[in-house]
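Construct the complete structure from the given sequences, taking the supplied hints into account.
Number of protein chains: 2
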Amino acid sequence: MPPVAPAPAHRTAETVVTVLGTDGRPLVDADVTVAQRRHDLAFGCTGFDFVALANGEAGGGPDSTFGGAPAEQAADLAELWLDLFDTATLPFYWRGFEPEPGRPDTARLRAAARWFDERGVRVKGHPLMWHTLAPRWLLDRPTDEVERLQRARITREVGDLAGLVDTWDAINEVVIMPVFTAEENAISRLAWEKGRLHVIRLAFETARAANPRATLLLNDFDMSTAYECLVEAVLEAGIQVDGLGLQSHMHQGWWGEEKTHRVLERFSRFGLPLHFTETTLVSGELMPREIVDLNDYRVASWPSTPEGEARQAEELARHCTLLAEHPAVRSMTYWGLADEGAWLGAPAGLVRADGTPKPAYHAMRDLVRGAWWYAPTTLRTDGSGRVVVSGWRGDYEVRAGDQVAPFVVGGAAATARLSGELVRAGSVGLG
Amino acid sequence: MPPVAPAPAHRTAETVVTVLGTDGRPLVDADVTVAQRRHDLAFGCTGFDFVALANGEAGGGPDSTFGGAPAEQAADLAELWLDLFDTATLPFYWRGFEPEPGRPDTARLRAAARWFDERGVRVKGHPLMWHTLAPRWLLDRPTDEVERLQRARITREVGDLAGLVDTWDAINEVVIMPVFTAEENAISRLAWEKGRLHVIRLAFETARAANPRATLLLNDFDMSTAYECLVEAVLEAGIQVDGLGLQSHMHQGWWGEEKTHRVLERFSRFGLPLHFTETTLVSGELMPREIVDLNDYRVASWPSTPEGEARQAEELARHCTLLAEHPAVRSMTYWGLADEGAWLGAPAGLVRADGTPKPAYHAMRDLVRGAWWYAPTTLRTDGSGRVVVSGWRGDYEVRAGDQVAPFVVGGAAATARLSGELVRAGSVGLG
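Protein chains in written order, with full-length UniProt numbering: chain A, 1 to 431; chain B, 1 to 431.
No wet-lab data here; the hints were simulated from the structure. Don't be surprised by glycine CBs; every beta carbon is placed ideally from N, CA and C. One or more of the hints may lead you astray.
In the DMTMM-like style, the derived pairs of lysine to aspartate or glutamate whose C-alpha atoms are separated by at most 20 Å in a straight line are [what the hints assert, rightly or not]:
#	chain 1	residue 1	chain 2	residue 2
1	B	259	A	184
2	B	194	A	265
3	B	194	B	184
4	B	259	A	183
5	B	259	B	325
6	A	259	B	293
7	A	259	B	183
8	A	259	B	325
9	A	194	B	265
10	B	259	A	140
11	A	194	A	140
12	A	259	A	315
13	B	194	B	145
Per the computed footprint, the stretches of chain A lying under chain B, defined by three or more beta-carbons under 8 Å from a beta-carbon of chain B, are [stated by the list, open to error]:
#	region
14	195-202
15	225-235
Here's what the structure looks like:
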């Protein structure tokens with residue numbers, strides 16, 4: 001473990017909180033307990049493992065296009081998940097979500113989103129438009145109908161989930177979309193015939209219309225100049241993008257500080273929030289460098305090793321620290337808590353196949369819920385009912401006896417009015 | 001040599017030419033000699049070797065930023081050059097062109113352009129804006145002044161050469177421009193601070209204003225999706241681009257049919273003419289595939305070999321044939337006739353260091369001035385003074401005795417009025 005750096009100034013705040021009693025008058029000269037509930041900076045993970053659990057199903061659900069652990073392991077995993085992460089990415093891959101035209105999996109996904117929401121977790125949907133895992137039944141439709149169906153699907157999902165899922169990867173991997181050849185699909189055809197900007201505009205404008213409050217991201221794995229050029233095109237076109245999604249599947253090794261800094265420098269200059277949407281670091285052998293499409297690498301067994309786990313732990317801590325240090329970063333999402341069901345069979349989880357947490361889990365938790373976390377602390381209000389709370393920006397609560405109130409550490413001042421139940425006002429979203 | 005394919009229909013035309021005598025009346029029932037003078041499809045090469053020759057200098061000129069053979073070899077090279085190519089690329093690299101502020105090399109380059117023009121060769125200027133070979137004296141100027149100087153330099157060169165040089169690489173290698181780190185330079189700084197679209201707009205609008213008749217190209221070596229994304233951005237921005245320049249330095253091996261087809265397919269769909277601006281194929285060992293920046297490969301000696309020369313000849317013939325077959329291709333330019341002075345010391349020329357032509361020279365000439373060429377042919381005009389000429393589109397001439405007249409094969413009909421000297425009317429440009 002590298003030493004923990006001081007908290008970056010842009011991540012923390014000192015907030016004067018005026019605590020009001022249930023009668024609305026300042027609670028003066030009283031002991032209160034202040035605790036953090038959630039970070040402003042989103043620490044996310046895929047929530048695929050819990051769709052079946054949230055729906056009370058025994059197996060892995062009616063399809064397996066997005067992987068995930070079986071429900072019998074999910075309860076134990078859930079405890080580890082909730083003890084580290086505060087933001088879940090849920091799978092809306094069209095092929096699995098709507099296996100037959102007109103039969104979308106809305107109810108199950110809504111239940112999963114609600115399961116997270118009830119546990120104080122922000123939920124993000126992934127993705128509304130993507131060439132990979134596009135329905136096979138789209139293939140024989142004419143391009144104009146594909147476009148109409150894609151619009152309708154975006155309108156439906158964004159509308160149906162609004163209020164529970166207010167952040168979306170509006171469109172995924174557009175750099176390669178029109179020239180993707182690994183599997184014939186109708187979305188690449190649409191992007192080829194109409195152009196990248198046309199499909200980006202389609203995705204963003206349709207999603208925006210269905211939920212004007214939504215945070216909509218452009219998401220890509222391509223960290224080359226191609227993505228920069230695409231972003232310049234999108235900005236030039238006047239398409240309102242709320243953030244840039246940067247994938248970072250590091251099966252071939254951690255980027256390291258230099259590349260991470262350079263990526264942050266290159267993509268932050270557009271002035272948009274950066275979301276590290278898909279991070280993986282393996283705790284076993286690295287995938288050979290010469291593999292271009294990670295999907296091409298298939299091995300019978302890819303074990304987690306002690307050396308690999310130590311390396312993964314150090315790299316994950318450094319990765320999280322580097323991202324937290326850069327003010328443009330709005331979220332960092334790890335791509336899968338468990339090795340079980342991980343993409344490519346890689347030991348990319350933070351929890352081993354036997355359910356025990358790896359060192360990387362502890363390393364990340366030591367930061368997110370340790371060094372960077374405001375643990376429950378007793379403070380005394382002054383003669384005006386005020387306490388000063390200095391910590392990482394985010395959602396907090398103050399308790400006095402069996403009364404509780406939420407407040408936000410971020411601005412200079414906040415007011416917290418105690419009540420018998422914890423209301424959700426003042427929550428920090430992902431937007 | 002592969003068999004020569006039939007001429008693609010879009011490259012040829014059947015034109016009925018009405019031959020008029022000096023008195024303006026049809027020359028009926030007369031023998032005339034018809035010959036092609038130049039292709040419409042431009043077969044180009046760098047003309048760097050002849051700048052000194054055109055200026056009557058003994059050495060290689062006052063600078064060597066662009067290479068080129070010494071003047072004493074240039075006369076022999078010129079004969080080979082003019083017997084194959086019809087379009088010259090002249091070097092306007094800013095660092096060499098204006099070694100000290102305010103002392104541009106205009107007179108020498110104008111003399112070189114005129115030398116080609118007098119020999120019936122179209123001239124293109126390369127490049128008006130590029131990070132590589134930007135003047136070192138720009139480095140300490142503030143960015144706004146760099147921008148002002150860049151605009152002034154474009155206005156000056158394009159204006160000074162108008163009429164002789166009407167085709168320009170307006171800006172070179174923009175994909176990498178802002179993130180180019182191999183050498184600190186003021187142009188990358190400008191592109192980083194203002195964005196790719198800003199500098200592209202700057203280059204095109206400034207050049208257009210200086211010469212509204214100019215053909216202005218965007219030129220890049222990056223054949224990845226990055227360049228596609230950039231082109232989409234440029235089109236979205238409404239910047240008028242007259243053609244896309246595609247470099248094809250193949251020091252690591254010929255692209256092959258599949259990649260060539262794919263590049264043509266991907267870049268032709270924007271509806272812009274394609275210019276293959278910089279083609280090289282080596283006649284020796286190939287550069288190893290793992291080299292990313294070709295400039296990083298330095299060898300003491302890189303000889304041309306018999307096997308390499310045979311391979312180069314076959315590949316060049318196939319390359320030219322593939323490009324001619326695609327209707328979007330407007331030009332193909334080979335990057336350097338001679339091994340002497342070639343970039344990276346590669347045996348990339350079509351002429352050996354000893355001045356003798358390689359098999360690739362003959363292979364290309366067998367097409368361009370052989371199978372694809374309308375050699376002098378005697379035809380007899382009909383009772384209305386007409387002959388039917390069927391051949392590759394381009395500039396032709398008809399002779400009767402010591403009278404001559406130009407005409408263009410391209411449309412259904414043409415008129416050629418004989419005179420004592422060959423006027424240049426009707427010439428096919430590069431636009």
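Taken at face value, is the distance from the CA of residue 140(A) to the CA of residue 259(B) at most 20 Å? violated, 27 Å
Given the hinted pair residue 259(B) and residue 184(A), is their alpha-carbon gap at most 20 Å? Status holds; Cα separation ~19 Å.
Are the Cα atoms of residue 259(B) and residue 183(A) separated by 20 Å or less? holds, 18 Å
Taking a Cβ-to-Cβ distance below 8 Å as contact, does the region 225-235 of chain A have at least three residues touching chain B? holds (count 8)
Please work out if residue 259(A) and residue 183(B) have their alpha carbons no farther apart than 20 Å. holds, 18 Å
Between residue 194(B) and residue 265(A), does the CA-CA distance stay at or below 20 Å? holds, 15 Å
Would you check the hint for residue 194(A) and residue 265(B), treating anything up to 20 Å between C-alpha atoms as holding? Roughly 15 Å separates the two Cα atoms, so the pair holds.
For the region 195-202 of chain A, count the residues whose Cβ lies under 8 Å from any Cβ of chain B; is that count three or more? Coverage by chain B holds for the region 195-202 of chain A (3 residues, Cβ < 8 Å).
Within a Cα-Cα threshold of 20 Å, do residue 194(A) and residue 140(A) meet the stated pairing? Since the Cα atoms of residue 194(A) and residue 140(A) sit roughly 18 Å apart, the hinted pair holds (cutoff 20 Å).
Residue 194(B) and residue 184(B) were given as a pair; does the straight-line alpha-carbon distance stay at or below 20 Å? Distance of about 17 Å is within 20 Å: holds.
Quickly compare the C-alpha distance for residue 259(A) and residue 315(A) to 20 Å and report which way the hint goes. holds, 13 Å
Measure nothing beyond the straight line between the CA atoms of residue 259(A) and residue 293(B); if it is 20 Å or shorter, mark the hint as holding. holds, 18 Å
Of the numbered hints stated above, those contradicted by the structure are hints 8 and 10, listed in ascending order.
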